Amino acid sequence: NAGVTQTPKFRVLKTGQSMTLLCAQDMNHEYMYWYRQDPGMGLRLIHYSVGEGTTAKGEVPDGYNVSRLKKQNFLLGLESAAPSQTSVYFCASRRIPDQAPNSYEQYFGPGTRLTVT
Amino acid sequence: AQSVTQLDSQVPVFEEAPVELRCNYSSSVSVYLFWYVQYPNQGLQLLLKYLSGSTLVKGINGFEAEFNKSQTSFHLRKPSVHISDTAEYFCAVGWMDSSYKLIFGSGTRLLVRP
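Order-wise, the sequence lines are chains A and B.
Numbered by this note's numbering, the letters in the first sequence go through residues 88 to 204 in order.
Numbered by this note's numbering, the letters in the second sequence go through residues 10 to 123 in order.
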């Protein structure tokens with residue numbers, strides 16, 4: 088059981104370039120989330136998905152797009168990277184809430200460190 | 010709207026001393042609360058959570074937290090810290106809607122000195 092994995096781990100982009108970050112989970116979770124972490128600001132939600140084929144905006148969605156074509160994958164795209172998108176990106180997933188004690192937990196991937204020059 | 014405040018950006022403490030990391034939240038509805046820990050260059054690991062029931066919650070690595078509804082607080086405590094507890098700690102509040110998203114505080118860096 089790999090849990091939540093993220094690809095790539097590191098990336099350097101030039102302003103205006105595009106890229107896609109991949110998040111994969113093998114826990115059959117319905118919900119998936121993309122966060123960005125910046126110093127002194129904690130984690131902020133970019134986009135999320137409550138199931139295959141669905142996506143919704145979070146707190147800081149501008150400049151990003153997402154897709155959830157398969158239940159186990161959640162892709163985050165940057166169409167035209169900007170220096171303000173330099174950050175560490177975390178993906179998380181969780182199951183549908185039920186009586187299980189861990190059903191409210193979000194499980195996080197190891198992160199992707201992105202630098203835009 | 011829900012929000013989380015961690016007033017202390019950094020807490021220095023000597024090894025074997027007790028520590029308290031403060032977390033206050035604002036919400037007009039019932040909440041569930043978490044503390045996560047992040048070691049350098051790693052992802053987030055769940056320390057403990059409060060969903061309902063007993064207001065004193067015990068987690069991993071000897072940490073515990075107390076949910077205080079009247080003061081809207083969820084402070085994290087450890088009676089005796091170790092060097093290995095040096096990390097960043099995040100408090101988070103969970104939305105009880107269809108998104109089940111988390112709102113995070115800005116984090117507190119715990120620095121344990123020998």
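Please note that a few of the clues may not be correct.
[Said to hold, decoys possible] Okay, derived cross-link-like pairs now, DMTMM-like style, lysine to aspartate or glutamate, Cα gap no bigger than 25 Å in a straight line:
1. K58/B - D113/A
2. K144/A - D106/B
3. K58/B - D185/A
4. K101/A - D113/A
5. K67/B - E192/A
6. K96/A - D17/B
7. K158/A - E97/B
8. K58/B - E117/A
9. K96/A - E192/A
[What the hints assert, rightly or not] Residues from chain A that face chain B, not an exhaustive set, calculated with beta carbons under 7 Å:
10. G103
11. Y191
12. G196
[To be verified] One side only, chain B facing chain A, incomplete, derived with CB under 7 Å:
13. L60
14. S63
15. Y109
Hints are computed from structural coordinates only; laboratory data are not their basis.
No experiment lies behind these values; they were computed from the predicted model shown.
Virtual Cβ for every residue (Gly too), placed ideally from N, Cα, C.
Hint by hint, here is what the structure shows:
1. K58/B - D113/A: With Cα atoms ~23 Å apart, K58/B and D113/A stay inside 25 Å; holds.
2. K144/A - D106/B: holds, 15 Å
3. K58/B - D185/A: holds, 16 Å
4. K101/A - D113/A: violated, 32 Å
5. K67/B - E192/A: holds, 16 Å
6. K96/A - D17/B: violated, 30 Å
7. K158/A - E97/B: Violated, at about 31 Å.
8. K58/B - E117/A: holds, 21 Å
9. K96/A - E192/A: With a Cα-Cα distance of about 23 Å, the restraint between K96/A and E192/A holds, given a limit of 25 Å.
10. G103: violated, 28 Å
11. Y191: holds, 6 Å
12. G196: holds, 6 Å
13. L60: Cβ of L60/B sits 6 Å from chain A, so the hint holds.
14. S63: violated, 13 Å
15. Y109: With Cβ-Cβ at 6 Å, under 7 Å, it holds.
When the structure is compared with the earlier hints, violations turn up for hints 4, 6, 7, 10 and 14 and for no others.
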